[in-house]
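Take a look at the letters that make up each chain.
Number of protein chains: 2
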Amino acid sequence: MANEFDLIARYFEHQAVKRKDVPLAIGDDCALLEVPEGSQLAVSTDSLVAGTHFLAEADPAWVAHKALASNLSDLAAMGATPAWVSLALTMPKPDEAWLAGFCEGFFALAEYYNVQLVGGDTTKGPLSITLTVHGFIPKGKALTRSGAHSGDWIYVTGNLGDSAAGLALLLGQRTVDDPMLESILLERHHKAEPRILAGQALRGIASAALDISDGLISDLGHILQRSGVSAEIDVDKLPLSPELEAFEPERDKALQLALASGEEYELCFTVPEQNRGAVDIALAHSGVKATCIGQLRPGQGTRLVRDGQPLNWQLHGYDHFAE
Amino acid sequence: MANEFDLIARYFEHQAVKRKDVPLAIGDDCALLEVPEGSQLAVSTDSLVAGTHFLAEADPAWVAHKALASNLSDLAAMGATPAWVSLALTMPKPDEAWLAGFCEGFFALAEYYNVQLVGGDTTKGPLSITLTVHGFIPKGKALTRSGAHSGDWIYVTGNLGDSAAGLALLLGQRTVDDPMLESILLERHHKAEPRILAGQALRGIASAALDISDGLISDLGHILQRSGVSAEIDVDKLPLSPELEAFEPERDKALQLALASGEEYELCFTVPEQNRGAVDIALAHSGVKATCIGQLRPGQGTRLVRDGQPLNWQLHGYDHFAE
Numbered sequence: 001m002a003n004e005f006d007l008i009a010r011y012f013e014h015q016a017v018k019r020k021d022v023p024l025a026i027g028d029d030c031a032l033l034e035v036p037e038g039s040q041l042a043v044s045t046d047s048l049v050a051g052t053h054f055l056a057e058a059d060p061a062w063v064a065h066k067a068l069a070s071n072l073s074d075l076a077a078m079g080a081t082p083a084w085v086s087l088a089l090t091m092p093k094p095d096e097a098w099l100a101g102f103c104e105g106f107f108a109l110a111e112y113y114n115v116q117l118v119g120g121d122t123t124k125g126p127l128s129i130t131l132t133v134h135g136f137i138p139k140g141k142a143l144t145r146s147g148a149h150s151g152d153w154i155y156v157t158g159n160l161g162d163s164a165a166g167l168a169l170l171l172g173q174r175t176v177d178d179p180m181l182e183s184i185l186l187e188r189h190h191k192a193e194p195r196i197l198a199g200q201a202l203r204g205i206a207s208a209a210l211d212i213s214d215g216l217i218s219d220l221g222h223i224l225q226r227s228g229v230s231a232e233i234d235v236d237k238l239p240l241s242p243e244l245e246a247f248e249p250e251r252d253k254a255l256q257l258a259l260a261s262g263e264e265y266e267l268c269f270t271v272p273e274q275n276r277g278a279v280d281i282a283l284a285h286s287g288v289k290a291t292c293i294g295q296l297r298p299g300q301g302t303r304l305v306r307d308g309q310p311l312n313w314q315l316h317g318y319d320h321f322a323e
Numbered sequence: 001m002a003n004e005f006d007l008i009a010r011y012f013e014h015q016a017v018k019r020k021d022v023p024l025a026i027g028d029d030c031a032l033l034e035v036p037e038g039s040q041l042a043v044s045t046d047s048l049v050a051g052t053h054f055l056a057e058a059d060p061a062w063v064a065h066k067a068l069a070s071n072l073s074d075l076a077a078m079g080a081t082p083a084w085v086s087l088a089l090t091m092p093k094p095d096e097a098w099l100a101g102f103c104e105g106f107f108a109l110a111e112y113y114n115v116q117l118v119g120g121d122t123t124k125g126p127l128s129i130t131l132t133v134h135g136f137i138p139k140g141k142a143l144t145r146s147g148a149h150s151g152d153w154i155y156v157t158g159n160l161g162d163s164a165a166g167l168a169l170l171l172g173q174r175t176v177d178d179p180m181l182e183s184i185l186l187e188r189h190h191k192a193e194p195r196i197l198a199g200q201a202l203r204g205i206a207s208a209a210l211d212i213s214d215g216l217i218s219d220l221g222h223i224l225q226r227s228g229v230s231a232e233i234d235v236d237k238l239p240l241s242p243e244l245e246a247f248e249p250e251r252d253k254a255l256q257l258a259l260a261s262g263e264e265y266e267l268c269f270t271v272p273e274q275n276r277g278a279v280d281i282a283l284a285h286s287g288v289k290a291t292c293i294g295q296l297r298p299g300q301g302t303r304l305v306r307d308g309q310p311l312n313w314q315l316h317g318y319d320h321f322a323e
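Chains as they are written, first to last, in the UniProt record's numbering: chain A, 1 to 323; chain B, 1 to 323.
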């Protein structure tokens, strides 16, 4: 039986990414790390628990991708450049096949963004993963949730709703006849990409930003609360993929999926009038489109509108402890 | 029913410690943090899982102390100055009484070391805690595991074995007649203190260091392996408290407890001959004693000796996955 230390050494000590700002990585009491001069450190922590955030029998490579992508997405939402991650892995027994799959998914994404695994902990218990990711951002350039003002325009990157459609297929709540469509939507759920380059491109342009992890309506609420404004969303502006429209031909239902879809990892951001012209140019090199879906107003809350008339849809974001 | 965000806001957003190097703490996608010029960042992650590292019914204030103390102890072992911590808390349901107790223990220790909680995650699932602690260390001054040489002397701070005695009492494996003795040993297990000041004082003096979390024999092995040396320990030099001697009057058994006791959070460090005179002076202001227990030699492994003669005791450190 492999012991704890063997496991860590075998699966986590060897990684292609070797950053110059990591004088000491795994294997000592702490990692030693160097932040570039003039940069602030952006840090975020996310836990994924089997049974709550993923199915225990899920492909471990997908689980790893989801764990790291959701964590990197928080860096993207601040406009930060990813650098390091620590991994706390709790598992019932040292399952080497699971670990091999997990590492494959984890290191593939880490390598893509040049993120080095610098430490962590491996413990016995119910399956769960906690990641703490670190990135850099030039001092004063971070995209927070509190910088938005009434009159700013509301944007989202990419399309919304595909992740929710993929989850419904995964859970067997829905089926589709077209196997290609099924595989695309499942992939959009399992392999959603953090918008790292888009976040960096929006430094100095967006007034506020966050990533959509609990659903647009729920997450946008955090910007509204922190910035002290309300939002008016034109539902017909919401960007839907052709695949979502094929999955859910009833348009209003597709739009409601787009408003509530979690784990999307698209960015929602706000832009002052004078910066609107810069958005498309800034995002051009990131390969990500952005769509204006509404505008901030004085007051509180989110109003959904169509043709200028209020809509009364009931929507809820994802909440782990809600019943 | 409180939702996830309410819980986080209510229990974790308010803390007495407000550091100037934390421009943005809890409540955004990431925390924003500033590392002093000329310093490296030391980072360590520890998970505590109910049923593996603590009893589910344990006092939550003790659990919080243990979680943070074990994490801070890793900073102490590098000679780092603590600064920030992130907390990932997974719990089956939002138990407010448990949270209140946990926060009390957590913030008491955090405040003592001026550590600010800068972020984290609250999720639903089996009870567990993962902390990632951050500290500063002047560039090039970290105490690693790999700097020891043959001929260096082996030291430990404080006394060894009290934590194991307290654990045996807690688990009902042993009893003692004296209630005062019982309460002292339980306290030594529950409230072991990280040797933060001692670690900092040893910068420039110790050649290698680590904290004793899995038992002296097991942990010292990491220094030996990383530094490519062997150790000779004079068991009669091991520092035992009067309480341990009362708990275990049979001397050899008390010494064996001292060699294997985990979660002690004392430091084990090595000192070149020319620095030996500086140890006591350096540690004087930290209020912690240090005891020389042996010397490093060429070769591999640890030899226990008494009066210069080898001993053949069988000892094992703590390993989560061992059977």
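FYI, nobody ran anything at the bench for these hints, they're computed from the structure. Check the hints yourself; a few may be wrong.
Computed far set for chain B versus chain A, every beta-carbon distance over 12 Å [as the list claims (entries may be wrong)]:
(1) ASP28
(2) LEU41
(3) GLU57
Okay, derived cross-link-like pairs now, SDA-like style, lysine to any residue, Cα gap no bigger than 25 Å in a straight line [said to hold, decoys possible]:
(4) A:LYS18 with B:LYS139
(5) B:LYS20 with A:VAL35
(6) B:LYS18 with A:GLY228
(7) B:LYS20 with A:PHE136
(8) A:LYS141 with B:GLU13
(9) A:LYS253 with A:GLY228
(10) B:LYS93 with A:PRO36
(11) B:LYS93 with A:LYS141
(12) A:LYS18 with B:GLN225
(13) A:LYS18 with B:GLY38
Ideal Cβ positions, reconstructed from N, Cα and C, are used throughout, including at glycine.
Requested in this report: Hint by hint, work out which the structure violates, then give me just those numbers in ascending order.
Outcome: 1, 2, 9, 10 and 11
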